[in-house]
Amino acid sequence: MARLVLKFEGTVLKEVPLGTRPVTIGRGPDNDIPVDNLAVSTYHARVYDEAGRLVVEDLNSLNGTFVNGLRVERTMLNDGDAIEIGKHHIVVDREHDAAVPLDSHRKVSAPKVNETMVLDTKARREMFEMAAKLGERSQISPGRVHVPTLVVLGGRTDRREYQLSDRLTVIGKSDMASVKLRGWFAPNVAAQIHKHEDGYFLGLGDRVPRVNGETIVGPTRLSDGDIIAIGRVRLSFVYRD
Amino acid sequence: MHIESGARSDVGRVRKNNEDSFRAEPSLELFVLSDGMGGQASGEVASALAVETVVEHCRDAAEENGAPEFCGEPIPGVSDRTNRLASAICLANRKIFEAGADDPARKGMGATIVACWITDRRLSLAHVGDSRIYLLRSGSFEQLTNDHSLVADLVRSGILTPQQAEVSEQQSVLTRALGTQPAVEVDADEQMLLAGDVVLLCSDGLSRTVTNPEIASTLETYPDPQKAADHLIELANENGGEDNVTAIVIRVAQEPKGLMASLSKLWGGKK
Numbered sequence: 001m002a003r004l005v006l007k008f009e010g011t012v013l014k015e016v017p018l019g020t021r022p023v024t025i026g027r028g029p030d031n032d033i034p035v036d037n038l039a040v041s042t043y044h045a046r047v048y049d050e051a052g053r054l055v056v057e058d059l060n061s062l063n064g065t066f067v068n069g070l071r072v073e074r075t076m077l078n079d080g081d082a083i084e085i086g087k088h089h090i091v092v093d094r095e096h097d098a099a100v101p102l103d104s105h106r107k108v109s110a111p112k113v114n115e116t117m118v119l120d121t122k123a124r125r126e127m128f129e130m131a132a133k134l135g136e137r138s139q140i141s142p143g144r145v146h147v148p149t150l151v152v153l154g155g156r157t158d159r160r161e162y163q164l165s166d167r168l169t170v171i172g173k174s175d176m177a178s179v180k181l182r183g184w185f186a187p188n189v190a191a192q193i194h195k196h197e198d199g200y201f202l203g204l205g206d207r208v209p210r211v212n213g214e215t216i217v218g219p220t221r222l223s224d225g226d227i228i229a230i231g232r233v234r235l236s237f238v239y240r241d
Numbered sequence: 001m002h003i004e005s006g007a008r009s010d011v012g013r014v015r016k017n018n019e020d021s022f023r024a025e026p027s028l029e030l031f032v033l034s035d036g037m038g039g040q041a042s043g044e045v046a047s048a049l050a051v052e053t054v055v056e057h058c059r060d061a062a063e064e065n066g067a068p069e070f071c072g073e074p075i076p077g078v079s080d081r082t083n084r085l086a087s088a089i090c091l092a093n094r095k096i097f098e099a100g101a102d103d104p105a106r107k108g109m110g111a112t113i114v115a116c117w118i119t120d121r122r123l124s125l126a127h128v129g130d131s132r133i134y135l136l137r138s139g140s141f142e143q144l145t146n147d148h149s150l151v152a153d154l155v156r157s158g159i160l161t162p163q164q165a166e167v168s169e170q171q172s173v174l175t176r177a178l179g180t181q182p183a184v185e186v187d188a189d190e191q192m193l194l195a196g197d198v199v200l201l202c203s204d205g206l207s208r209t210v211t212n213p214e215i216a217s218t219l220e221t222y223p224d225p226q227k228a229a230d231h232l233i234e235l236a237n238e239n240g241g242e243d244n245v246t247a248i249v250i251r252v253a254q255e256p257k258g259l260m261a262s263l264s265k266l267w268g269g270k271k
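Quick mapping for you: the protein sequence lines, in order, are chains E and U. Going by this note's numbering, the first residue of the first sequence is number 1, and it counts up by one from there. Going by this note's numbering, the first residue of the second sequence is number 1, and it counts up by one from there.
Source of the hints: derived by calculation from the structure; they are not laboratory data. Careful: at least some of the hints might be erroneous.
Stretch by stretch, here's where chain E covers chain U in the computed footprint (C-beta under 8 Å, at least three residues) [to be verified]:
1. 89-96
2. 147-158
3. 187-201
If you only want the chain U side, here are some residues facing chain E, beta carbon under 8 Å, derived [stated by the list, open to error]:
4. P26
5. E56
6. R137
7. S138
8. Q143
Even glycine gets a Cβ: it sits at the ideal position worked out from N, Cα and C.
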């Protein structure tokens with residue numbers, strides 16, 4: 001019988017046999033394969049049998065589900081395929097199952113995953129870009145990319161909206177600030193936002209920012225829809241499609 | 001922004017050689033620390049080469065009389081200055097690897113590295129291995145680097161708890177180091193410094209023997225960075241001194257308060 005093997009950087013964490021019921025993967029403890037990582041959505045993806053073929057389906061997760069480096073919404077799985085969720089890999093092992101015909105439309109030569117390889121963010125992006133160049137856009141679902149964005153709700157800033165892409169985003173009057181505050185009394189560094197593996201964190205500046213009305217005491221992880229207030233400036237942190 | 005710093009390195013109470021090397025360059029606002037490894041005194045060679053290479057590369061880049069060629073691929077999402085620091089570490093890796101390949105007695109030598117470079121208020125940081133950078137800010141003590149070690153990977157994956165990692169026998173297994181491969185991936189990041197911040201660079205001889213709360217309270221107790229560094233070394237030695245230990249403490253001065261300070265700030269413009 002086929003099974004799924006959960007691995008992290010080469011170490012096998014769990015093996016789950018595949019039956020008739022779908023296998024769910026996510027951060028929630030009630031999943032068949034719980035993955036305790038903030039980059040993983042509560043119900044991230046599921047794997048199920050459809051007329052004798054294995055299918056993986058992304059459950060509208062924030063950071064996406066990848067198969068052999070390609071972002072997928074729903075795709076067939078072959079023996080040896082690696083489903084990547086955050087830094088975890090779930091390898092499909094069909095064992096003695098009958099040979100499954102190769103997916104003929106998959107043009108990208110995805111590496112055969114016998115030994116788990118470590119795909120860091122950079123490698124994943126490179127594979128993502130390579131796939132895009134090869135015209136595999138149907139697999140990638142461009143409408144599903146979430147861009148962390150600051151939307152200005154009030155106060156004097158140089159723009160109404162900022163897309164976050166750097167490791168460090170400075171909010172203030174400083175030359176190094178990418179979210180520029182205006183006004184006589186605006187501080188050079190009002191606050192700062194750091195990008196980590198598991199999300200974006202708001203940190204202190206020369207002022208103490210508030211998130212949803214609460215004063216922060218140290219780096220605070222931002223969630224979709226959080227309202228940041230620094231003096232009279234109010235910003236909404238959202239993941240834009 | 002006014003910066004003060006202090007640093008000290010010690011062989012500890014068990015080992016014969018100190019394989020840690022460090023350089024504090026207040027004029028460049030550059031601070032580098034490396035923990036070497038390898039037999040026949042080659043650990044010292046590796047860590048000294050790492051530190052010298054990083055300082056010289058950054059000095060050349062800062063002086064801009066023909067900025068040195070960039071080593072490695074630029075890291076996206078960080079400033080040019082931070083990338084320059086990562087480039088310096090890439091170059092250090094290459095030099096140690098080549099030195100090890102040329103000399104059979106030094107084959108397999110390696111080193112960790114942590115480096116901080118301050119530009120105006122921005123702290124660029126880069127590292128490879130399990131030496132660490134911490135930030136003490138408004139009473140909260142945060143590790144800014146992720147160790148490139150097996151146990152750190154096991155903690156991140158949820159296999160070990162941080163408490164289990166502290167007593168693991170595999171603490172010394174690194175997943176990345178300088179000099180063991182022709183190329184190395186360097187982690188780089190940045191922070192805006194705030195008045196009163198304290199940044200600590202240290203080798204594992206400190207982080208494995210002195211607990212985080214002890215380190216944080218020492219940094220809070222001794223405002224003089226040199227005294228704080230001295231005291232941290234003493235604590236490590238009191239706890240057995242099993243390894244070489246090195247600490248660099250950087251303190252950002254508090255902003256002067258009051259009317260005159262406000263006035264001079266208005267006149268002085270941006271700082």
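Exercise for the section: Would you list, in rising numerical order, the hints stated earlier that this structure does not obey? Expected result: Hints 1, 4, 5 and 8 are the ones this structure does not satisfy, whereas the remaining hints hold.
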